[in-house]
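A.B. asks: Top to bottom, those sequences are chains A and R. Following this note's numbering, the numbering of the first sequence begins with 574 at its first residue and continues without gaps. Following this note's numbering, the numbering of the second sequence begins with 574 at its first residue and continues without gaps.
Hints listed in this document are in silico derivations from the structure and should not be mistaken for laboratory results. Backbone N, C-alpha and C define an ideal beta-carbon position, used for all residues, glycine too. Check each hint, because a few of them may be wrong.
[Stated by the list, open to error] If you anchor each label on the Cβ, the simulated ranges turn out as follows:
# : chain 1 : residue 1 : chain 2 : residue 2 : range
1 : R       : Gly641    : A       : Phe628    : 36 to 44 angstroms
2 : A       : His752    : R       : Lys715    : 19 to 27 angstroms
3 : A       : His752    : R       : Asp660    : 34 to 42 angstroms
4 : A       : Glu774    : R       : Asp761    : 31 to 39 angstroms
5 : A       : Asp660    : R       : Gln632    : 31 to 39 angstroms
6 : A       : Glu668    : R       : Asp761    : 28 to 36 angstroms
Number of protein chains: 2
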Amino acid sequence: MENNTIVYGKNAVIEALEANNRTFNKILISNNAHSDSKIEKIKELASKQGIVFQFVNMQKLNQIEPEGRHQGVIAQISPVKYIELDDFIEKHKGELTKVVVLDGVEDSHNVGAIIRSCVCAGVKGIILPSRRGVLINSTVEKTSAGAVNHISIIKVNSLVNAIQRLKENDYWVIASDHHAKDNYFNIDYTNMNFALIMGAEHAGISRSLLKLSDFVVKIPMLTNFNSLNVSNAAAIILFEMVRQEVEKNGKKK
Amino acid sequence: MENNTIVYGKNAVIEALEANNRTFNKILISNNAHSDSKIEKIKELASKQGIVFQFVNMQKLNQIEPEGRHQGVIAQISPVKYIELDDFIEKHKGELTKVVVLDGVEDSHNVGAIIRSCVCAGVKGIILPSRRGVLINSTVEKTSAGAVNHISIIKVNSLVNAIQRLKENDYWVIASDHHAKDNYFNIDYTNMNFALIMGAEHAGISRSLLKLSDFVVKIPMLTNFNSLNVSNAAAIILFEMVRQEVEKNGKKK
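Only chain A is shown next, with the shape it has when bound in the complex:
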C-alpha cells in the first residue's frame, strides 16, 4: 500500500481526524494496544465522525506498515469521496438507474475491474459495506483505470438496510448465485432500476441479502468447472444488460 493512503501513529491519526479534511476508510487498532488516553481519543473522534474502527492483530498492522512505527494504530485513507445512499437515490430519481452491490469482495484487483466494467456499462453507483471486504484504496483506483472517478461510490454500514432503502425506491434486486435455478439472461434488464449483488470470492452472498432479492440468477457453465472470477461474473451479467439495451434501441452505438 502506498504511503499517501495510510496515516499511522497515535498523534498523526488524532491530527488527521481533527483536521477532518480527508476521507477515511477505517481505522485499525491493535488488539494489544494499551487503551491509553490517545487510543480513547481516537475511538471517540472516529465514532463522532461515523468512521469504523476495528481491532486487528499486530501482524496485520505490520503488513500494512512494515517499518513498525505505527504504535498500534493505522488509519486507511480513501482516494475518493464516498456519497450517501439517500443522496444517490435522490439524485437519480426519475431516470432508470443501475447500481452494483459488492457483498464483501476482498481482492482489490477484483473491485477495481468491477468498477471499470460498471462505468463502461453505464452503472451509476457502487455500494460497499464499511466493515467487510475492501473499500477504495490505491490498488482499486489503479486497477479501475480511473473509473473510480466516474461513478458514485457509496459506503454503508448495513447492506441489508441499503437494499431495503433501494427496494422502497423502486429498485429491483438481483443476486448472482451459482446455486440459482434461473439463468441471468432470462431477465429483461432494460426497463427497471436494479441493484445487482455480487458476493465475496469464497463465501458468496450472505443469506440475509439473498432473502431480500427479487431475482436470484446463475451464469450457466458448459463444463463442471464452476468457478468464475467475481469480476468476470459481474462483467458477464452487466454486458448482457448492455446487449439487451443495444438490441432494443437499435444501432445507436
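Got chain A; can you put chain R on it based on the hints?
C.D. replies: Chain R alone, transformed into the frame defined by chain A:
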C-alpha cells in the same frame, strides 16, 4: 515469483537443461553477461530444445532473483506442460472446438482469470506466444484456480503461423478490437470451430493478426469510458457464446 518456478546460476541452468525433465518458459540472460563457455553452452542447449532465450538488463534479473546470485542467467520454469498446436488440432478433429489466443497479454492475473473463464465456457485450448506476454507461471496457476490443469496450453513461436494452421483446419478467426464496427453478439458461435484473439492490455491486437481475422468485433459500451479489463472482455464474449449454446440446446443446463 516462487523459487520452484525459476532455476538460476550458470551451472544450475546447464544441469536443468541437460536433465531435460522440466518444462521451460524461457531463459533470460543478462546483456552484460560475459559470453563465456557456460553461457555459450546454455544458448546451444536451449536452441537444441527449442527453448527461447532472451537478453535482458540486469535490473530485470535482480527483480526476479533479488539476492543477486543468478550470475546473469535465469531459467523460468512452467508449472504445466505445453502441447503442440498440431497435436491439439488432431486431437479435436471432428468435434466443434473453441480456442482462445492471447496476443501478448502481460498481466499474470489477467491470464489466470481468462483461463478460468475459458474452462467454464468449454474452451479447449489457449494459445500463447513464446516471446511476448506472460506464459504459465505460479501466479497464473493460482489466479486460474487450478483451471490451467483443465485445458490444453499451446505455446507457439509465431501467432501468425498458428492462426494460419487453424484456418487451414476449418477454424474461424474472431478478433476483439474496440475499433470494430460489428458487435460481438451478432455472430452465431454455436456452429463453428473458432479461435478468439484477445489483444494485449495496451497495444491491442497486432495488425498482422487482425488481417487474418474472419470477424473483427467490438463490445459496445453505454458510456464513453471505453476501457474494459481484458479478462472481463474475454469473459463477456465467451459467455455470449455460452448463452447462445444454452438457448439453442434448451434447458439442458
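A.B. asks: Does the Cβ distance between Glu774(A) and Asp761(R) fall inside 31 to 39 angstroms?
C.D. replies: holds, 34 angstroms
A.B. asks: Quick check on a hinted range of 31 to 39 angstroms for Asp660(A) and Gln632(R), using CB atoms only.
C.D. replies: 48 angstroms Cβ-Cβ, so the 31 to 39 angstroms window is violated.
A.B. asks: Would you say the C-beta atoms of His752(A) and Lys715(R) sit inside 19 to 27 angstroms of each other?
C.D. replies: Given range 19 to 27 angstroms: holds, Cβ gap about 25 angstroms.
A.B. asks: Do the Cβ positions of Glu668(A) and Asp761(R) conform to the proposed distance bound of 28 to 36 angstroms?
C.D. replies: The hint (28 to 36 angstroms, Cβ to Cβ) holds, given that Glu668(A) and Asp761(R) are roughly 35 angstroms apart.
A.B. asks: Taking the beta carbons of His752(A) and Asp660(R), is their distance inside 34 to 42 angstroms?
C.D. replies: holds, 38 angstroms
A.B. asks: Between Gly641(R) and Phe628(A), is the Cβ distance one that fits in 36 to 44 angstroms?
C.D. replies: 41 angstroms Cβ-Cβ, so the 36 to 44 angstroms window holds.
Of the numbered hints listed earlier, the single one contradicted by the structure is hint 5.
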